[in-house]
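*Asks:* Residue-level listing of the chains:
2 protein chains.
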Amino acid sequence: MEKPQNGEKEEPKASICGYDSLHRLLKDNLNPHQFQEVSRLLTGLNCGKALETIALPESATALSVEHGFDLQAFSFCADKELLREPRVVKVGLIQNSIALPTTAHFADQKKAIFEKLKPIIEAAGSSGVNVLCLQEAWMMPFAFCTREKKWCEFAEPVDGGSTKFLQSFAQKYNMVIISPILERDINHGEVIWNTAIVIGNHGNIIGKHRKNHIPRVGDFNESTYYMEGNTGHPVFETAFGKIAINICYGRHHPLNWLAFGLNGAEIVFNPSATVGELSEPMWPIEGRNAAIANSYFVASINRVGTETFPDPFTSGDGKPAHADFGHFYGSSYISAPDASCTPSLSRNRDGLLITDMDLNLCRQLKDKWAFRMTSRYELYADILARYLKPDFEPQVISDPLLHKKSS
Amino acid sequence: MEKPQNGEKEEPKASICGYDSLHRLLKDNLNPHQFQEVSRLLTGLNCGKALETIALPESATALSVEHGFDLQAFSFCADKELLREPRVVKVGLIQNSIALPTTAHFADQKKAIFEKLKPIIEAAGSSGVNVLCLQEAWMMPFAFCTREKKWCEFAEPVDGGSTKFLQSFAQKYNMVIISPILERDINHGEVIWNTAIVIGNHGNIIGKHRKNHIPRVGDFNESTYYMEGNTGHPVFETAFGKIAINICYGRHHPLNWLAFGLNGAEIVFNPSATVGELSEPMWPIEGRNAAIANSYFVASINRVGTETFPDPFTSGDGKPAHADFGHFYGSSYISAPDASCTPSLSRNRDGLLITDMDLNLCRQLKDKWAFRMTSRYELYADILARYLKPDFEPQVISDPLLHKKSS
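Each protein sequence line maps, in turn, to chains W and S. Residues 1 to 407 (UniProt numbering) make up the first sequence, in order. Residues 1 to 407 (UniProt numbering) make up the second sequence, in order.
None of these hints come from the bench; they were simulated from the model. Heads up, some of the hints might be wrong.
Pairs involving identical chains hold if they fit within one copy or between any two copies, as the list cannot separate such chains.
With a straight-line cut-off of 25 Å between C-alpha atoms, the simulated DSS-like cross-links for lysine-lysine are [unchecked claim]:
1) K368 - K319
2) K404 - K366
3) K149 - K172
4) K389 - K90
5) K172 - K118
6) K389 - K366
7) K366 - K150
8) K111 - K172
9) K80 - K366
Starting from the given sequences, assemble the full structure and let the hints guide the process.
*Replies:* Put into structure tokens, the structure is as follows:
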């Protein structure tokens, strides 16, 4: 919960760690012309059309001040078309830390997260957000590093308490809500899944998607708790556009992004839980690349804070047992298909990012760059089919002098 | 050929346009602690292991001063392994503007480019570069915006004059050279291709690869001149590792990057020709994403300068006819599989980027992140095969209240 730095140039090193976001650090320390050019290079903005900030109702800003969460709001540009009206959707992303120590009673922990989220969801609702997405496994600490099975108690069925909590807001604000939870599948032997539930703007459950790619890296061998999803790559047709969810580690898999695009997604949400040393330099790259390559919007969400656990655990890195596995660096942001992106939310604080996007931009970019038409998918259907065979032979052209030389 | 700015903070706007590279702009205007943190976020460096600059022989730096080209040299880190020796390869990239006006005799234009490149290639050779790559269609202006077929006269067979020019350097310096040219395929009806030729370190021609994906965007409808390549996704096994070439627009296609990876590439070169307004914000994203997703090194090269043509042409954007189609912004750089990258070469000047990379890092990242093992290619072979059929049905889950509401 460090305060953003105020832009003094010669501050001591310690305060660098307290900067709020890359965007603010640069804005505070470069002159306006420099900042404009750096923004053009880093966020694709100011190329004629700037990303505009949008005004929010006072009730929303008041909530952000009272509860200390970062609140930012932007609008992407799109061309006006002659035959289609603009299809502007207001998207909201929430990033947050947990609310109670992980030693508290599980019921209390969950309830405290509900309480903490209420004002942020209210701010989204009163700002007119159409589609809201929470972070991965938002209703619990991200305890999978511990390898202790007791945390499975947090899991809920698709129509469990967390869903019910959100359904009321969906109905109240006519808002689609994506709720990524730890799921308990009662009808299939009570197995566990990492699942995103899509709640319609009337409070109804439209459907669910289960995380396709499960990490086995660092402290994140999540297959201790749940396996690869069995729901394919569904696109959910909602009142506010066609949306899909690429959960966390799936963002490293270009084919996962691709499949949601082939199924017609216009916005793909990437609810995540990832820590600084592991992934922070990848974070601003992968969402943007997916938006560019697939001509859709990408909404990237990461949780915030450092979570400590009661029982120390080792991390397979030769270091002594410890009680946390790093800083969740927040930095949620949204990427557009034209290679522009919003600034990121804070690295340290809870936050709500609101962004207007005209979904017409997706097809405009398809028409401009023609990635889909120039994709030659037949080549790749073929190589993937061949690669899957145990006797796959890679296409390698060896220098004939290579072995001559060494003989 | 503007000079790099010298870091004064309050300069007028005009000089912003003359900054040499994003890296230098930030380094000159942030304090060292801020710059270190910004570098960590933007280039994945300083996470414990910094990217080191490496010393070059005086002959190379003297050439860069005499001929005014940007010369930068770095070394990526990799872990020491117990059972494999490091496999450090020194890679060189050259970016350059053309040498004579496009109105000069074609033979003179080509010869002048040869002369201009000589000292840069000599600097690479005398620095001990093992694998050198030139920019796309390096032996000519990038005239494809004009739609005039006279520029086809620049095309050469695989064993033509440009290849012969480079073969002598390959032999002299024991250096693999990748030469992207406009190819004339004599044996198949004299058709034209956009081709990269791989010249072995003994001066032999190892093979060729033809550009897989052809843009039809802005001034770049290159299918006016050449069609989609027919050489698959070859990986060339050279004396200095397994390399592949993803030519220009192919960088927007994640499947193209993927296929080179499936065939075993350790370094993928992306020789390009692309201009500011079209693609500059994408440029630092796509190469890095490919390196991360495929656990290999990516070397991104873009030409430099603004090329004007004798006959004005229109660009399909409603604007009057004009004689150039924008600024090739250079900015060549190299990305590593661990999400780090080098600073970019100048946006305005010719340049040579030299980088040491231990190819062992590729497998180290495969072991760490396990992207290959968690890829579930069977899902994607299946969806691509289905997508190719005219009656493909996307996987869409519609909100049942959607149509009820509107009725």
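*Asks:* Against the earlier hints, flag every one the structure doesn't satisfy and list their numbers going up.
*Replies:* 2, 3, 4, 7
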